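As you go down the protein sequences, you meet chains A and B in turn.
Heads up, the working numbering is the position in the first sequence plus 349, with the first residue counted as 1.
Heads up, the working numbering is the position in the second sequence plus 97, with the first residue counted as 1.
Calculated from the structure, these hints are not laboratory results.
Among the hints, erroneous ones may be present.
Going by beta-carbon spacing under 7 Å, a handful of chain A positions derived as facing chain B [to be verified]:
1) L571
2) S632
3) N781
4) S824
5) R826
6) T829
7) S833
8) Q837
No experiment lies behind these values; they were computed from the predicted model shown.
Even glycine gets a Cβ: it sits at the ideal position worked out from N, Cα and C.
Okay, here's what each chain looks like letter by letter:
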Amino acid sequence: MRERILNGIGIGLLAICFVVALGRILWPKERGSTGEDVVTIRIAHWQLETGVREALEAMAREYEKLHPDVRIQQIPIPERIYTNWLITQLIGGTAPDIIQIGIGMTEERIARFFVPITELVEQPNPYNKGTALEEVPMRNTFFDGMQGGYQENLLEYYSVPLSGTSIRVYYNLELLKEITGSDKLPTSYREFIDLCKTTAAFAKANKRTIVPIAGSKYNGPLLMSALFSSQTQKLMDKLSPTGVLLSDSALTAEWFAENKWTPNSPEVLSGLKLMREVSEFLSPGFMQLQRDDATFYFVQGRSLMICSGSWDSTSIQSQAPFAVGVGRIPFPTPDDPIYGPFTKGRISEAGTLSAVNFGLVRSSANPAIAQDFLLFLGSQPANRVWTNVSRWIPSVVGVEPHPAAAPFQPLMDGYAPGFPLPNQADAARVYNTNINDLFGPEGSPQKFADRLAEGLLEAQKSDLARIIRSTSMNSKRRDTVVASLAVQQAKDPGNTQLAEKLDEALQSIASIERGYYLNKAALRATETAAANP
Amino acid sequence: MALPISKTKALLEWKLYLFIVPSMVLVATFSYYPTISAIYHSFFLWGGGDTKEFVGLKNFTDILNDKVFWTSFITIGILVIANIFRMIPSIFLAVLIHRLKSDRWQYWYRVLLVVPMIVPGLVTLFIWKFFFDPNLGVLNAALDASHLKVMLVHLDKFFGWGVFFEGVPTAWLGEPALIIPALIIWGFPWIGAVGVLIFLAGLQSIGAEIYEAADLDGVTSLQKFLHIEFPLIMTQVRLSMVLMLIGTLQGYGLQFLLLGPDGGAGGRGMVPGLWMFNRAFIAGEFGYACALGLFLFVFILGLTWINNKFVKVDK
Numbered sequence: 350m351r352e353r354i355l356n357g358i359g360i361g362l363l364a365i366c367f368v369v370a371l372g373r374i375l376w377p378k379e380r381g382s383t384g385e386d387v388v389t390i391r392i393a394h395w396q397l398e399t400g401v402r403e404a405l406e407a408m409a410r411e412y413e414k415l416h417p418d419v420r421i422q423q424i425p426i427p428e429r430i431y432t433n434w435l436i437t438q439l440i441g442g443t444a445p446d447i448i449q450i451g452i453g454m455t456e457e458r459i460a461r462f463f464v465p466i467t468e469l470v471e472q473p474n475p476y477n478k479g480t481a482l483e484e485v486p487m488r489n490t491f492f493d494g495m496q497g498g499y500q501e502n503l504l505e506y507y508s509v510p511l512s513g514t515s516i517r518v519y520y521n522l523e524l525l526k527e528i529t530g531s532d533k534l535p536t537s538y539r540e541f542i543d544l545c546k547t548t549a550a551f552a553k554a555n556k557r558t559i560v561p562i563a564g565s566k567y568n569g570p571l572l573m574s575a576l577f578s579s580q581t582q583k584l585m586d587k588l589s590p591t592g593v594l595l596s597d598s599a600l601t602a603e604w605f606a607e608n609k610w611t612p613n614s615p616e617v618l619s620g621l622k623l624m625r626e627v628s629e630f631l632s633p634g635f636m637q638l639q640r641d642d643a644t645f646y647f648v649q650g651r652s653l654m655i656c657s658g659s660w661d662s663t664s665i666q667s668q669a670p671f672a673v674g675v676g677r678i679p680f681p682t683p684d685d686p687i688y689g690p691f692t693k694g695r696i697s698e699a700g701t702l703s704a705v706n707f708g709l710v711r712s713s714a715n716p717a718i719a720q721d722f723l724l725f726l727g728s729q730p731a732n733r734v735w736t737n738v739s740r741w742i743p744s745v746v747g748v749e750p751h752p753a754a755a756p757f758q759p760l761m762d763g764y765a766p767g768f769p770l771p772n773q774a775d776a777a778r779v780y781n782t783n784i785n786d787l788f789g790p791e792g793s794p795q796k797f798a799d800r801l802a803e804g805l806l807e808a809q810k811s812d813l814a815r816i817i818r819s820t821s822m823n824s825k826r827r828d829t830v831v832a833s834l835a836v837q838q839a840k841d842p843g844n845t846q847l848a849e850k851l852d853e854a855l856q857s858i859a860s861i862e863r864g865y866y867l868n869k870a871a872l873r874a875t876e877t878a879a880a881n882p
Numbered sequence: 098m099a100l101p102i103s104k105t106k107a108l109l110e111w112k113l114y115l116f117i118v119p120s121m122v123l124v125a126t127f128s129y130y131p132t133i134s135a136i137y138h139s140f141f142l143w144g145g146g147d148t149k150e151f152v153g154l155k156n157f158t159d160i161l162n163d164k165v166f167w168t169s170f171i172t173i174g175i176l177v178i179a180n181i182f183r184m185i186p187s188i189f190l191a192v193l194i195h196r197l198k199s200d201r202w203q204y205w206y207r208v209l210l211v212v213p214m215i216v217p218g219l220v221t222l223f224i225w226k227f228f229f230d231p232n233l234g235v236l237n238a239a240l241d242a243s244h245l246k247v248m249l250v251h252l253d254k255f256f257g258w259g260v261f262f263e264g265v266p267t268a269w270l271g272e273p274a275l276i277i278p279a280l281i282i283w284g285f286p287w288i289g290a291v292g293v294l295i296f297l298a299g300l301q302s303i304g305a306e307i308y309e310a311a312d313l314d315g316v317t318s319l320q321k322f323l324h325i326e327f328p329l330i331m332t333q334v335r336l337s338m339v340l341m342l343i344g345t346l347q348g349y350g351l352q353f354l355l356l357g358p359d360g361g362a363g364g365r366g367m368v369p370g371l372w373m374f375n376r377a378f379i380a381g382e383f384g385y386a387c388a389l390g391l392f393l394f395v396f397i398l399g400l401t402w403i404n405n406k407f408v409k410v411d412k
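If we strip away everything but chain B, and leave its shape as in the complex, we get (with noise of 0.2 Å):
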């Protein structure tokens, strides 16, 4: 932390605040004009040129009776859930590779995991979409192969479903019924390699003597997990879960590659951030969507303090 200094000296080393001058202006550029011309936008009628129309709150109090606005947060709540189950393998993981007893094993682990972050997210994207396809895609052939489309058929006759038929590829990105769990299923065995990091980086600053003591006390591999390891790392997994929500919720990329700017079938893949981009870009109300998003931005600030006041670390 800077040491505080005399408002003299400050004064008189003035050529030092120099210095940060170029950083600032790029980030007032990037940063703060996008921002604030957002905020500015969001009380006009505005389509994205030079012609616009004060409204004053309208665009807001428009949010309030925005049927799709409200029923994508379901979708997006759903895919929160989900996402905090998908944080499991990689704590996992980062356990598993934390108990390696070779560093140099460790080493090559932690390298095999960063190797594939070269490849492009969007090219992981539409590896994926290719998996979904009906007809050649991965997932219908695996589950051909192993006959559990003979078991989903059944259950779907059973259930009522409606989306498994015998002899029909099943549309996985085409049934609004499976949209949800496609969106799920999609980056199975939900291993990031950021998140496997950060939780790594947190096992490693345990102690050599916390584990001493529990091995002469007989503690287990699970009990030194859930009592040692679990309780130490929540550092880490309440920064993995505020960076998963703001990008759970910001993100959009995932949906308008799968399904398309409408959200796929029933609009069942529409989240927050596809709303806003087709308001847009696909209705042209650039005015409403700058709304939208300081919308989203609150309500993403009000989340990530709540994850902050409530998800306790007890060192």
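So here's chain A without its partners, still in its complex pose (with noise of 0.2 Å):
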């Protein structure tokens, strides 16, 4: 009899756990839901950085203020799993209404997953009404012209983009008060290695277990990646004679196909030894940790100083118990003994793109309000709240930077950067499972450039073939719609806006089909250096 109950018992508990999840599953609970004319528009985002998800709800609830008809819900996802979840959301047609476009995103998946907003850009915000942007064309309000959400290969624009980014050296103003005596920061490269120099000796002379800057394989490369491409501008300037402005790794990879440099160029060694000489000053095992170990010891007044972007501030200010002072990477200048023969100057932030882009789902079951919440995100009310609420850098024209954000807005003068070393999948790998090379103990700029040299051709080799195959891909998918457009366009000639159509896509082919024979001319010289070692 007992053993009945208690089987009873056991069976009733595992039903009603079953009719609870089942619930939970079918009638998903949300915030506010007041009845069934609620539309619920998801939002998801990788950026779990302090400040952002407040600021996206208070967006939201100014939005709901709005339309009380709509709810938006956020789903915030870990930068780790971004691309996993989100391949997985997207061809299984479970993707929430608006996404943020960038981690794990190729132009074939943009194409294929997400609706193009050129038509909407080229229009006047609504949500500007009544502010100075109200006449303009919608596209023509961010700082940078929207070019961080226009896909150059498609020649459409795909996403919103909320904010600005710059990387900065942080620093902890009482340590260095202490360390220096005053709280000046370093205006040089001369004056940053000096100080890094000062506080190991304060560190070792004191018993302190303070490192001068704190590093992870995300912060590190930050910083160091910037030094390096100080070495490459003038080589740069040397290798393309049409004047390319901005690195172009198709052009990079010719290049070193064609010998014009090579991992041993006195450029790239300088480069090199830039990054030896600062990670002599990291976190001892820097490439081992991860970018919140790195902010762990900087708020715990273990480093002195932290590289990171502008996306960190409000996290390390928010954590730090102490007075943050925020400084520009400081390059070597060309009067510098020894890495100024290679660079012109300072780089300049001129060329930043706009980021945090929120692009528009073609599976959505509600594309109307969920287009009509994206052109609220882009909006110069909401991107001030944006900028108030997150401390980040706003990206709408008119929109004054929160106090704290201000010094994270691009700086223009400079020089625009080198190359930098190449970093497509394979050619990535090559770099991180060599970089101990030129990191360890016994690393050395020489041994790690062996190593490029090593692997770098067969790499680029695998990277250019599989580029070629997609941009192959893109271009057949186009092909396609051209096809459809130009025998439309036959049967009805008169018709303006499909001659249009026809034309931007024959436009968006000849921009694909650039790219692909610019990587396969970088293709065909890296299978002839290959063949001729």
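With the hints as a guide, bring both chains together as one complex.
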């Protein structure tokens, strides 16, 4: 009898759990749902930094005030799993209405899963009504002409950016004063290195566990790749007779295959030497540490500096129990005795694009409402809420950054950066798996350069082949659209809208094919170089 | 075992077969469909989107020339051998618990073993990642406190390893030569709750009369283990070995979390599963990753067959 009762209780509990779980799946609890007429728009992103979720919540509440029949639900996803989550959701057709575009996104995926918003951004944003931007086409209301939301090869705008970004060095001002007796930040590379040496000597003399710069596999390369590209500025000018200002991975690969630069070029070796020099002042073993570890070091007062993006400002400022100073990355100047010969000077941030881009997913159940919310996100009033709550840099013209975000506004003076070391999938693997030969206790620039020289050509070959395959597939997808538009236009030659669409599609194909042939030329050069080592 | 029934009776009772339909639908949807899809896509150049190009056996022939994939088998081979030795503490603990005279204490030890299973595996991995931290980690702190670091530095100078230096914290996950040792050290003292419970179940099936006979013959504790207990739990050992083999060959979560998708410094932590993940989610070569997955499946199947065939159980 007792056993039967216990079994009954067990089965009863199981049944209750099942019913509750089923209910939670079939009728998910939505905040403030008031009836069947309420539409929920879901927005997903990976920005888990302090302030972002709060800012998006504040913007959502503002929108809900204007549209009481809409609820905005935020879905924050950790950056580490974002790609896997994104691909699964998109392919499975269960993606939220609006998704942050960036990590794990290829052109093919953007074209397949997202709605182009070109026509929309050519019109004034209705949510800018009553502001100075009322009559201005939406794309011109962003500080970069909305380039951050533009897909060059697809010739379409796909996303609305919320923020600007920049890389800065953060300083523990209390510690700086304790070490140097002043809170003056270094302004040149030499001053920066001197400060690192002083800090290391201070830690040793006082038996304190302080490192000059908190490092991780995320923060270290941010600083070092910026410094590296200062050493390839003049080389890039020399290699690019057409005066290409921004580095292009296909061109860099082609120049490499043609032996116009090698890991043993004096400029590249100098860049590696610079990286090695800085690495000696980063946390020991920093390449095995994560971004959170480095932030932890810094806010715990275990390091004097940390290099990170403007996106970490709110997190750092809110966690640090000391005053935080913010300074520009100290690049070597042309008069630097060691690194001066290869640099033109400090790197300008004029080419910085707007970021934190949100795109509209094709499978959205409520595309009109989702699109309307996207317009709201890109408006001046919403961007004001964004900067004031998140303390990130605004992306819309006329929005004053929050005072805490002011030091992160892109600085326009300086020169274009040189090319970075190749960073496509396989090239990045060669770089990452050999980097200990540059930074390790027994590493050296020459040792690392030799490793790169061994593996880079093959890696570039497979990277280029992959890009070509993907570009070719993209082009084939577009061929069908062009053929269809051409047939329609032949039947209706007077239809100007159709003619415009066909023209746009042809331009898009031309752009994709340009990329295809650039990469093809680079691959041909790479294969030739591999065949004649 | 189900008794055979006549065809006429089976057809007459056809409605009963409907009871297994829900299970079969779920198995087909979540197990067979992805497998069939992976087989299908392994013959394509496929980036995960809707466009793909049929390439026949190219993905499979590419595997033959994939140096990283083949090198990853060296790492996995070392890890499999290490994992065989890592089973020893579990067997040892199972024997100790089994020999406890008090049933109550046996019960409590079993409970104590199961309790840590509540902690998600990911949390355990993060804790271990923190242990390996060069500056704040427990491992370096223990080596420093016990002065073992000094000994390691001297040994390093003698053998020329180039990994332990005086005054420089050891980067366990940043030095190529230390990555495999770190992957082996992980989980110390290597007592797996599931393993212990499986071995314990095997030990408990040994009859008391065997122990009584052994006692009468004056058999020592060690002899009991070597000649009675160990041979009689070989079925469980074999099961654990198969599970371990499959888990080690398929798994990449540990390496991914500790070292990242490239397998860490020098790529020393690269294992076949991680390479499959790398090709799919880093390089975007989903078709090739499917082919790698199929290859791994056949390889694991072969190893499992060899294990079952040659690890004999004589009762």
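The hints, checked one at a time:
1. Interface hint status for L571 of chain A: violated, as the beta-carbon distance to the closest one in chain B is roughly 16 Å, over 7 Å.
2. Because the smallest distance between the Cβ of S632 of chain A and any Cβ of chain B comes to about 6 Å, under 7 Å, the interface hint for this residue holds.
3. Annotation: interface hint on N781 of chain A holds; nearest CB of chain B at approximately 5 Å, less than 7 Å.
4. Because the beta carbon of S824 of chain A sits about 10 Å from the nearest beta carbon in chain B, more than 7 Å, this interface hint is broken.
5. Taking 7 Å as the C-beta cut-off, the interface hint given for R826 of chain A holds, the closest approach to chain B being about 6 Å.
6. Among the interface hints, the one on T829 of chain A is violated; its C-beta lies about 10 Å from the nearest C-beta in chain B, farther than the 7 Å criterion.
7. For S833 of chain A, the suggested interface contact is broken, since its CB lies about 16 Å from the closest CB of chain B, more than 7 Å.
8. Because the beta carbon of Q837 of chain A sits about 23 Å from the nearest beta carbon in chain B, more than 7 Å, this interface hint is broken.
Checked against the numbered hints above, the structure violates hints 1, 4, 6, 7 and 8; every other hint is satisfied.
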